[in-house]
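Participant: The primary structure of each chain is shown beneath.
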Amino acid sequence: MSAFRGAPVALRPGAGVLRRSETLEVLGRACRLRRTQLGLALFGLIAAIAIFGPLLAPKSSTAFVAIPYSPPSGAAPFGTDALGRDVLSRFLAGGHTLLLDSLLAAIVGVGGGALVGLAAAYGRGALDTVLMRISDVLLAFPQIVLVLLAVSTVGPKASLIILMVGLSHLPRTARVIRGAALEVVERDFVKAAEACGERRWRILTADLLPNVSGPLLVEAGLRFTYSIALIAAIAFLGFGPQPPSPDWGLMINENRIGITAQPWAVVLPIIAIALLTVGANLATDGIARTVSGIDRGSR
Amino acid sequence: MSAVAAAVHDLRVELVASGADVVDEINFELASGEVLGIVGESASGKTTVAQALLGYARRGARIARGQVCIGELDLLSCNLEQLRDVRGGVVAYIPQDPVAALSPALRIGAQLDDVLQRHAPQTAPAERRTRILETLEEVSLPAQESFLARYPHQLSGGQLQRIAIAMAFAPRPRVIVADEPTTGLDVTTQAHVLETIQQLARAHGAALLYVSHDLAVVAGLADRVAVMYAGRIVEQGSREQIFHAPRHPYTAALLRAAPRFGDAGTLAGIPGWAPAPGLRPAGCAFAPRCRFADETCRASAPAPDLAPGAHAVRCFHASETVALMHERPEPAPPVELSSIGEAALSMRGIVASYGETTVVHGVDLDVAGAECVALVGESGSGKTTLARCAVGLHSQFDGSVTLSGIALARGARQRTAEQRRRLQYIFQSPYASLNPRRSIGRALTRQVRLYFPVGAGEAQRRTFELLERVSLPAATAARHPGELSGGECQRVAIARALAARPAVLVCDEITSSLDVSVQAAIVNLLQQLRAEEELSLLFVTHNLALVRSIADRVAVLSAGRVVELGPTAQVFQRPQDAYTRQLIANTPVLEEDVQLGVRMHG
Amino acid sequence: MTRLLASRLAWGVFTLVLVAVIVFLATQALPGDAASAILGSSATPQRLAALRAQLHLDEPVLGQFWHWFSGLVQGHFGTSLAARRPVSDVLGTRMLNTLTLVVVSAVVGLPLALWLGVRSAVKRDRVFDHVVSVGTLTLAALPEFVVGIALILLLATQVLHLLPAVSLLQPGVPAWEQPKALVLPAATLVLAVVPYVARIVRGSMIDVLEEEYVQMARLKGLSERVVVLRYALPNAIAPAIQACALSLAYMTGGVVVVEYVFQYNGIGAALVEAVDNRDVPVVQAIVLLIGAVYVLLNILADVATVLVTPKLRTQLRRARRPAVEPSLATELPR
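Protein chains in written order, with the working numbering: chain A, 32 to 330; chain B, 22 to 623; chain C, 1008 to 1341.
These aren't lab readings, by the way, just hints derived from the structure by calculation. Beta carbons: idealized from backbone N, C-alpha and C, even for Gly. Hints should not be assumed to be uniformly reliable.
If you want the footprint, here are the derived chain A segments under chain B, 3+ residues with CB under 8 Å [what the hints assert, rightly or not]:
(1) 211-220
(2) 235-241
Some chain B residues near chain A, calculated using beta-carbon distances under 7 Å [stated by the list, open to error]:
(3) Val412
(4) Leu414
(5) Ala433
(6) Gln435
(7) Ala438
(8) Arg441
(9) Tyr446
(10) Phe448
(11) Ala453
(12) Leu455
(13) Asn456
(14) Arg458
(15) Leu471
This is chain A alone, in the form it adopts within the complex (with noise of 0.2 Å):
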């Protein structure tokens, strides 16, 4: 395209203008606002701890350190767990799982529920419709509750989890991709594509998807949130990771009991998660903050 770059022309500049890469754009924006920024770095500080904890723990997550529940030592600086394990090093060890799971169910439900939610857009009529009715029944179930079900007859496994989670997500997301693409498809230039006969992929890929990827952003960044609390939620309810895992949920669940003795094995994992969480959804509301002004000042 840069044979297409040359003098600036006379500009009606104020109108809110996107550029080549939306996407890009949008988060250059949303990364100057307060929140997005505070966002950014909870997140990147839990997410740095779950990525490179392991390589830091100084002890095995499964060895035997101290009598269980010990205060905080020098050979155990948060004490021990209900198992005398040692509570930083699991800390440490643990948030990985967590953090990928998540990050692929956010990935299963946003890219599905996109595919999912264009597709009743554009085809409308019948295709719509059954989509639709499809989503309502899965939307009666409430997102944990999916998950359990299939828990419960196939058994606590981690690719199960993120599959269903991620279908949790998916008539979510597309509600939202359907009707933002819906008022795309009205607009004219749509009629216009259709008028000159362009093929329908075209369209939906072409003209429809990059016209929603500012809610296409905002419902990433939501879903990967919910994923985080979801998961979590799953492992404290022991359908993760299995003992002798050192995941925080289930951290969480193992040494609850014990939560007057020795606070720090909750605490620690749960600050964790809480953190992940908020720091996720400040920063997508930063994103959304950004794409609604956008939309407003380009009206």
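Starting from the known structure of chain A, arrange chains B and C on it as the hints suggest.
Facilitator: Using the frame of chain A, we list chains B and C on its own:
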């Protein structure tokens, strides 16, 4: 003249965020019983001035300086409670869009009663009821309890505007501010609404401030006129002064750009567009579009200059403006109707419907090669549906559409690529019809390669060629639609249609969202292209006056039927059908003596 | 109105049947079969065969579904594999306990959320709005079990000792007569739901306040009280209804974790137990129950929306088909 009802002195409204001026140095007086028209294009600040008369600035803007006096009271030094006594009671507002201005959750009667209860608190409920029913009668609505029990969505646009008028007049205010109250209405309804407002203002001795973009409406209504441009009143004077002897180049250019009934000549557009708040140039804001502009104009803003008869103007070149009025626009290039008789596009017995509602009842229409046929009708007449049937965007119809003698399938997708190529469609809203995420260059090359098996280089070459054809600089290719003005976007839309090298172009209300000065330029462009490329045009519009300047033949559509079809001049001079006559009678026109150049002075 | 109700009910029944199909099919994914899952690897072939017959596992899938489904319609949810008692017996009081918890949370939470939402919208971009915005944003992100355990740490163990850390209910006494046990679980649910509803209400209220009819009401000289309460609020109520219904439906999922955290004896904790024990009939019953609550709330919300929206209400009198889409707001909670 009677007492001054309202006086605005040195008013400035600015944006809170940037401090940029929305309007500035606004001065005018409004006498009791007088009608002052404020004319301006979009973003000229006319609505801001209108609302300031109620001491109100919209969210994000604030009144920064000046005085707004209603009688003895300066609104800008009032507290909120005093302001509320004035708003609706002493100064009433008639909004642009009555559908949006009435709460959908409250009955009509309740919304009317709220105003009276607020501004005449001592009256008993029964008394208020009587007064409301009287007011309904005054605005020619059924004065019935059952009518008052309705919700806004149960009434038509015209009825809602009458409700809004009733709401304004019910508390007997001294000043009425009407903000483009007829914009969304058909000419027939518009004529009735205008008459009602005028009558009521006269009957109650209220001063009327009438804001509009439509020169013809203001010409038929106002005693005095103020012309606004870029947040300033650039010219102010009596109706005769403004329309017969304008002193500001902008006023003169605006008059030359307005389509007229009695004149088939070319419209003269104004290059460029009006700058928005915050983007206005130093010096005279009109300078970039003004042919008289020189260094002085660009360096300093002209102060108001008062001529005899209180005819004020802000221009260093006021004396030269007359020359502009003497000039006659070039006549339209003659179009050779080489192939008359042979229809390029032919529609036979079209019956179109949405679901179970039939909106077009058996229409026959032909467009010959290089001919321009205007399809004129009010909203709901089925004109857009008919146009969309032609291009295959609406496929629920019976009847036949043929292109150069070949019958076309109903839906665009069922037609061959060649058929689609030869029949192109341009939409009403320029912004909506271009993908906001795609650069102009990509949109045009895409279109070229959709129809012609050419390489990327050739497609790009044609893209630049197309931009040139519609008088846009080549650099436009790198821009996105949001960066362009409405007129530029519509040029791009035309270029996109031309990319297909079509035989027939269907233009659906393509100028109705543009300012008059820009509209004229677009119409000229179409005329020129038609002459050069032997294009056939189906020009769909509600604007009867515009048709005069562009069409060879006119088809008048009413309730899904063609009621009159004939050569343009004949339809205008000797309309056969009663509906056409009514349409012509109700269309506000610049008076015949407000003529240009030769006819006026010669 | 009857026509609307009928069509909504038909949609509800249809959805519920599909929910039942999904629940049934999910349990078919069991590796091996239910009988071997229940009895474990030490089971004798005779006992396996007997249990299969009892569970109709030797019939084809369609037959099994029919057995199960026809039982459902007659109110038989089957027999709990763990408790060896009818499912309805096992869940009876627990349902009541959960209902108590949800109703208490809703009665406290929804008015609070409405008030917060409307007030933040009216005070838009002022301090109140910013505080509520940050607060709701933070709370909306937190998983319930994090909130629950944080409350335990703050109010029941480490910092203060005001309330019991676990909400063990005395059997035989209705839950609402044991308020101390209710406080923390209800507080957790309230904190989980308020942010969502408050944000929706704020958003729809802000949209309405930007409408021209609100500006017009101001230009008529009406007082701000009248403008907000009479012109704005009635037009913002429909999204609020949908948000409330959704948040109630959401609570039925939220109780699963909350009840587990506080060891509150309701169907949420029962679901966790049943999943742990692979007690398929109990899982099926609870999931269906939750689905039914969702469907019911949905219908109620749609009917309420029509009742508060004059345009929909009057169209109903004339048109044959209801104008409402049989679906909820676009943005859904977890």
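Participant: Are the hints correct? Go through all of them and say.
Facilitator: Now the hints, each set against the structure:
1. 211-220: Held - the stretch 211-220 of chain A has 3 residues with a Cβ nearer than 8 Å to chain B, which meets the minimum of three.
2. 235-241: Coverage by chain B holds for the stretch 235-241 of chain A (3 residues, Cβ < 8 Å).
3. Val412: Given a least distance of 5 Å, the restraint on B:Val412 holds.
4. Leu414: This hint holds: B:Leu414 lies near chain A, its Cβ roughly 5 Å from the closest one there, short of 7 Å.
5. Ala433: holds (5 Å)
6. Gln435: Violated - the Cβ of B:Gln435 stays beyond 7 Å from chain A, reaching only about 10 Å at its closest.
7. Ala438: holds (6 Å)
8. Arg441: Holds, because the Cβ-Cβ distance from B:Arg441 to chain A comes to roughly 5 Å (cut-off 7 Å).
9. Tyr446: Hint on B:Tyr446: holds, closest Cβ of chain A at ~5 Å, below 7 Å.
10. Phe448: With a minimum Cβ separation of about 4 Å from chain A (threshold 7 Å), the hint on B:Phe448 holds.
11. Ala453: Holds, because the Cβ-Cβ distance from B:Ala453 to chain A comes to roughly 4 Å (cut-off 7 Å).
12. Leu455: holds (5 Å)
13. Asn456: With a minimum Cβ separation of about 5 Å from chain A (threshold 7 Å), the hint on B:Asn456 holds.
14. Arg458: holds (4 Å)
15. Leu471: Holds, about 6 Å.
When held up to the earlier numbered hints, the structure conflicts with hint 6 and nothing else.
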